[in-house]
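2 protein chains.
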Amino acid sequence: MREVTIAIDAMGGDHGPHVTVKAALNIIQREAGVNIVLVGLEHAITAELKALRADAGARLRVRHASEVVSMDEPPAMALRSKKDSSMRVTADLVKRGEADAGVSAGNTGALMAISRFVLKTLPGIDRPAIASTLPSHNGKTYMLDLGANVDCSPEHLHQFGIMGAALASVTEQKERPSVGLLNIGEEVIKGNDAVKQAAELLRASALNFYGNVEGDDIYKGTVDVVVCDGFVGNVALKTSEGLAKLIAEELRREFKKNLFTRLAGLIALPVIRAFKRKMDPRRFNGASLLGLNGIIIKSHGSADIYAFEQAILRAIDEVRGGLLRRIAEHVGSHAESADETEPATGEMA
Amino acid sequence: MREVTIAIDAMGGDHGPHVTVKAALNIIQREAGVNIVLVGLEHAITAELKALRADAGARLRVRHASEVVSMDEPPAMALRSKKDSSMRVTADLVKRGEADAGVSAGNTGALMAISRFVLKTLPGIDRPAIASTLPSHNGKTYMLDLGANVDCSPEHLHQFGIMGAALASVTEQKERPSVGLLNIGEEVIKGNDAVKQAAELLRASALNFYGNVEGDDIYKGTVDVVVCDGFVGNVALKTSEGLAKLIAEELRREFKKNLFTRLAGLIALPVIRAFKRKMDPRRFNGASLLGLNGIIIKSHGSADIYAFEQAILRAIDEVRGGLLRRIAEHVGSHAESADETEPATGEMA
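Quick mapping for you: the protein sequence lines, in order, are chains A and B. Here this note's numbering runs 17 ahead of the position in the first sequence, where the first position is 1. Here this note's numbering runs 17 ahead of the position in the second sequence, where the first position is 1.
It is worth saying that the hints were derived from the structure and are not from the lab. Heads up, a few of these hints could be off.
Identical chains blur together in the list; that is why a pair holds if it fits in one copy or across any two.
[Unchecked claim] Below, simulated EDC-like cross-link-like pairs (lysine to aspartate or glutamate); rule was C-alpha separation at most 20 Å, straight line: (1) Lys100 to Glu90; (2) Lys295 to Glu267; (3) Lys237 to Glu266; (4) Lys157 to Glu266; (5) Lys293 to Glu267; (6) Lys157 to Glu258; (7) Lys157 to Glu267; (8) Lys237 to Glu267; (9) Lys262 to Asp233; (10) Lys274 to Asp297; (11) Lys157 to Asp297.
Work the whole structure out from these sequences, hints included.
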């Protein structure tokens with residue numbers, strides 16, 4: 018298996034090195050052929066390693082970076098004034114080829130702004146998008162954009178389809194993942210103009226385009242990849258988080274009502290636990306900043322060690338699967354497919 | 018208590034008279050001072066009444082309508098070519114004051130088009146919106162628009178806030194319900210232009226405006242009313258339906274795994290049942306077509322008898338609470354508040 022090096026912004030997230038260092042150690046121990054560079058305040062990382070009775074070495078190196086981007090720092094400020102932040106140095110390592118991918122649990126806006134500035138976008142891609150996976154009946158659904166782009170043109174949505182399909186093909190080993198366009202169905206007016214035009218572009222492309230899907234199709238697993246603008250995607254994601262939390266709390270409350278329900282809860286505990294494992298959002302941690310000329314994974318800020326490991330594993334998968342090459346191929350094959358249709362139009366003109 | 022008459026499109030929904038007639042009978046029996054007019058094919062309604070060993074009478078009348086709008090009929094067609102449909106006659110009865118409100122489980126698009134044509138919008142309201150309630154930690158959250166308007170101007174979103182607050186004040190007896198504007202938070206760009214401008218309008222209005230909220234706030238119960246455009250609202254609603262279904266199925270699957278888990282499920286059954294009752298989407302059935310000069314409630318097409326009763330009860334609540342007058346007051350008080358701020362601007366000019 019190909020040797021890969023992952024750069025980790027050790028200072029990012031709500032817990033910083035306390036989570037990132039241990040997660041990195043766990044990955045090094047379990048995954049053959051993976052090297053990690055921990056980027057951040059050297060003393061903080063070393064102190065954490067010491068507390069864990071571990072040492073840096075050939076497979077786990079420490080790269081000092083003197084600044085830290087805070088969780089609520091405006092992206093433009095983080096980009097302009099902190100040129101030696103752990104986030105920036107992580108992106109720089111990817112840019113220079115010293116790492117194959119970067120992982121950060123830091124501030125999403127800053128990570129996107131810095132990554133875009135340092136790495137630029139891939140040819141044929143106008144805007145990067147945030148992609149993640151959600152659980153479904155069949156396994157999982159990829160969804161993008163989840164908040165990087167509020168207003169999207171039909172062409173942007175089309176590019177999200179290309180990138181999402183490339184991602185799913187690489188990490189799910191599916192030859193031609195199906196792509197659906199998020200729309201509204203039976204209601205009064207079907208979709209806005211951008212979505213209607215995006216559907217035409219996707220239909221004419223080389224992608225395995227399923228057609229329009231609705232919100233419930235995300236969890237039904239109707240398609241492998243759901244495409245939408247970042248406003249809608251972000252609302253869908255946050256709404257899901259809110260509903261899952263409400264359901265969990267209401268269920269807990271019912272089981273805590275009285276002695277009998279507590280007893281029933283105790284007996285049902287192994288079942289409830291198995292269920293929780295299956296639906297555990299930590300398993301799905303790690304969003305891809307797709308469309309950059311480099312692989313960057315954003316972990317949830319509140320990720321614990323297990324969740325952060327999943328984000329690192331996602332980075333490894335994308336590197337080993339050759340994600341960037343696959344996106345370039347998809348962009349290329351779309352361009353070809355567009356070329357094929359052009360002569361006809363030319364003759365008509 | 019005020020005597021009210023509800024017109025029911027008896028033919029609407031997936032089950033037609035089989036559901037609507039029994040639900041009407043149940044309401045008549047339980048609710049004092051409520052009269053119902055069942056609108057639709059007389060022979061079908063009478064046959065259903067006979068099967069239920071019930072008779073029409075002073076409180077439950079039958080009004081023949083010779084046509085039926087099908088569930089997948091294009092709204093424009095239903096409006097133009099079926100002038101004696103049960104849906105149209107229901108709206109006509111409301112228009113002529115023979116009924117205080119109308120309820121239909123039929124095709125949403127057709128119901129909106131017909132209601133808007135027959136009843137028109139209230140003064141100061143440009144577009145009707147679909148409003149419904151969702152469960153939250155504190156009880157329920159009102160949300161609109163859920164799919165009537167795909168592209169919304171800031172002024173439309175502002176009007177949705179006015180209508181939603183009026184609805185919540187009438188049905189929840191809250192003097193000044195809080196209103197939140199659905200937006201995306203920490204991500205890269207905060208909201209699109211329409212949402213930003215709508216926030217300014219809402220902040221300047223007489224409403225109890227909380228500010229921006231995110232998807233998870235819907236279920237947290239952060240505000241009484243969540244305002245968004247119909248595309249986003251519809252996606253959030255359908256996504257929630259999909260997730261709730263997935264969670265229910267996965268939980269069922271875990272309990273059915275083996276003999277032990279089945280036993281555990283049996284013991285936990287009363288708790289699971291209490292939980293399901295609490296989260297039962299049927300309890301929240303009945304969306305208000307707000308902004309019309311008349312009260313129209315849309316029931317879910319697949320509603321069963323219990324769910325359809327909830328939609329009828331919602332209509333009764335809105336009539337007794339004086340919803341239309343309340344919306345008019347809200348529109349008026351907003352206009353006043355805008356007037357108050359005008360002199361200052363005038364002086365500056």
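Results for each hint:
| no. | hint | in the structure |
| --- | --- | --- |
| 1 | Lys100 to Glu90 | within (14 Å within a copy, 60 Å between copies) |
| 2 | Lys295 to Glu267 | both (19 Å within a copy, 8 Å between copies) |
| 3 | Lys237 to Glu266 | between (23 Å within a copy, 11 Å between copies) |
| 4 | Lys157 to Glu266 | between (24 Å within a copy, 15 Å between copies) |
| 5 | Lys293 to Glu267 | both (14 Å within a copy, 10 Å between copies) |
| 6 | Lys157 to Glu258 | both (16 Å within a copy, 17 Å between copies) |
| 7 | Lys157 to Glu267 | between (25 Å within a copy, 14 Å between copies) |
| 8 | Lys237 to Glu267 | between (23 Å within a copy, 12 Å between copies) |
| 9 | Lys262 to Asp233 | both (18 Å within a copy, 9 Å between copies) |
| 10 | Lys274 to Asp297 | between (25 Å within a copy, 19 Å between copies) |
| 11 | Lys157 to Asp297 | within (13 Å within a copy, 26 Å between copies) |
Hint violations for this structure: none, all hints satisfied.
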